[in-house]
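Q: Full structure from sequences and hints, please.
So the sequence lines, in the order shown, correspond to chains U and H. Counting in the working numbering, the first sequence runs from 127 upward without gaps. Counting in the working numbering, the second sequence runs from 127 upward without gaps.
Hints are not guaranteed to be accurate.
Note: identical chains are not told apart, hence a pair may lie in one copy or across any two.
Below are the BS3-like pairs computed for lysine-lysine, each with C-alpha atoms no more than 25 Å apart in a straight line [what the hints assert, rightly or not]:
#  : residue 1 : residue 2
1  : K279      : K174
2  : K128      : K279
3  : K168      : K279
4  : K128      : K167
5  : K213      : K307
6  : K148      : K167
7  : K331      : K307
8  : K213      : K174
9  : K331      : K167
10 : K128      : K168
11 : K213      : K148
12 : K168      : K266
13 : K331      : K266
Read the hints as simulated data drawn from the structure, not as lab findings. The structure displayed is predicted, hence computed values, not measured ones.
Protein chains: 2
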Amino acid sequence: MKIYDWPTGPYPARVRIAVAEKNLRSRVRFETVNLFKGEHKKPDFLAKNYSGTLPVLELADGTFIAECTAITEYLDALDGAPTLTGKTPREKGMIHMMSKRAELEMLDAISVYFHHATPGLGPDVEIYQNAEWGFRQRDKAMNGMRYFNAVLKRHPFVAGEVFSMADITVIGGLIFAGLVKLPVPEECEALQAWYARMQERPSVKNRVTMSDPIEA
Amino acid sequence: MKIYDWPTGPYPARVRIAVAEKNLRSRVRFETVNLFKGEHKKPDFLAKNYSGTLPVLELADGTFIAECTAITEYLDALDGAPTLTGKTPREKGMIHMMSKRAELEMLDAISVYFHHATPGLGPDVEIYQNAEWGFRQRDKAMNGMRYFNAVLKRHPFVAGEVFSMADITVIGGLIFAGLVKLPVPEECEALQAWYARMQERPSVKNRVTMSDPIEA
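A: Put into structure tokens, the structure is as follows:
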């Protein structure tokens, strides 16, 4: 399999963490798409992913799978033993709800803030900006952090008792928050303690360097 | 199970169609949440779904599952024989990608247009609007229709050879387009032909009236 991504990107992080959690590192090659040159908005890449976003997974048969949730579903199903997306109906429902909520209320909101209310990827890539909308989304993301803090006071992981795709999505949100220098509110102690635990996981800790050539 | 929704809503339609496709009608009770009175933004409902959106599924044990994709995952897994969300890793990946793409490029974009660039649910509910962003999203949705038209020229259903959650999401988009009077472009013949076929399915045709009391 081949993954098109940008090593330090927050959305790429979601798939890199999933690859590591599923012990699939040896079956994946990474190819960098230069975000700051806007390569993800050029026709060549848009043919792979209409939405022009990273990451994208390419299968051996040439099929392209975009969207982190979709890629995670694919990777998690490969060995017939899902550990990230749930086994029972209730687990599947809860994990998908909390992961989507983490996108809506935090990760995607921070992305809109970055692309619309900061210089983002630079003037050549950010050809349309709506700063008012961007700031609105920043405020939404800060409230999202408070929401997930409340969730993590109640149970050890975002969707309940075990690590899942929903944790990975919140991790993506906090990675993006770090990049754009949105600090987690001080009172969000449960969220901060959980994030410190998450950063101890090898899948999270080694995500950026995992694509360095290992058979050099 | 109980479903909180609004009978004619485009997002509620996604779950109503899934319920019917899975033959679960007899196991579900519907409760109306009045969108035009903004009941979905009041504390009582926000305690059920932080994001303040419909529909929400309530399980017998009091668990709330929000987000259409999450509810569909739950419903589709109940009988151990998924028909909407894919069986193989590749099917799961493709269906989730195309469903998410239908949200991003059409359904959610039309929703933003409705809430930001039209009177939406009225001045008491739409307390913040960003019309410029709304019109941008309308244009994105029109391009989304052209994209899905191209997809449906290549294969009979949105994610390939069989009906799936991805079709349901595009149906949700076209239901919303109809409500806000955004016409499908004339040249989108494959999309229109597919939609005509979809409207013949009992799950789609009877979605609004399915919540009328049947054991009266």
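Q: Run every hint past the structure and note whether it holds.
A: Consistency of the hints with the structure:
1. K279 x K174: between (41 Å within a copy, 18 Å between copies)
2. K128 x K279: neither (38 Å within a copy, 27 Å between copies)
3. K168 x K279: Only across copies: K168 and K279 sit 23 Å apart there, 44 Å inside one copy, limit 25 Å.
4. K128 x K167: within (19 Å within a copy, 43 Å between copies)
5. K213 x K307: Answer is neither; intra-copy 36 Å and inter-copy 41 Å both fail.
6. K148 x K167: For K148 and K167, the Cα distance exceeds 25 Å both inside one copy (30 Å) and across copies (39 Å).
7. K331 x K307: within (19 Å within a copy, 49 Å between copies)
8. K213 x K174: Only across copies: K213 and K174 sit 24 Å apart there, 30 Å inside one copy, limit 25 Å.
9. K331 x K167: Neither: 29 Å inside a copy, 39 Å across copies.
10. K128 x K168: within (19 Å within a copy, 46 Å between copies)
11. K213 x K148: both (15 Å within a copy, 19 Å between copies)
12. K168 x K266: between (30 Å within a copy, 17 Å between copies)
13. K331 x K266: Neither: 27 Å inside a chain and 37 Å across chains, both beyond 25 Å.
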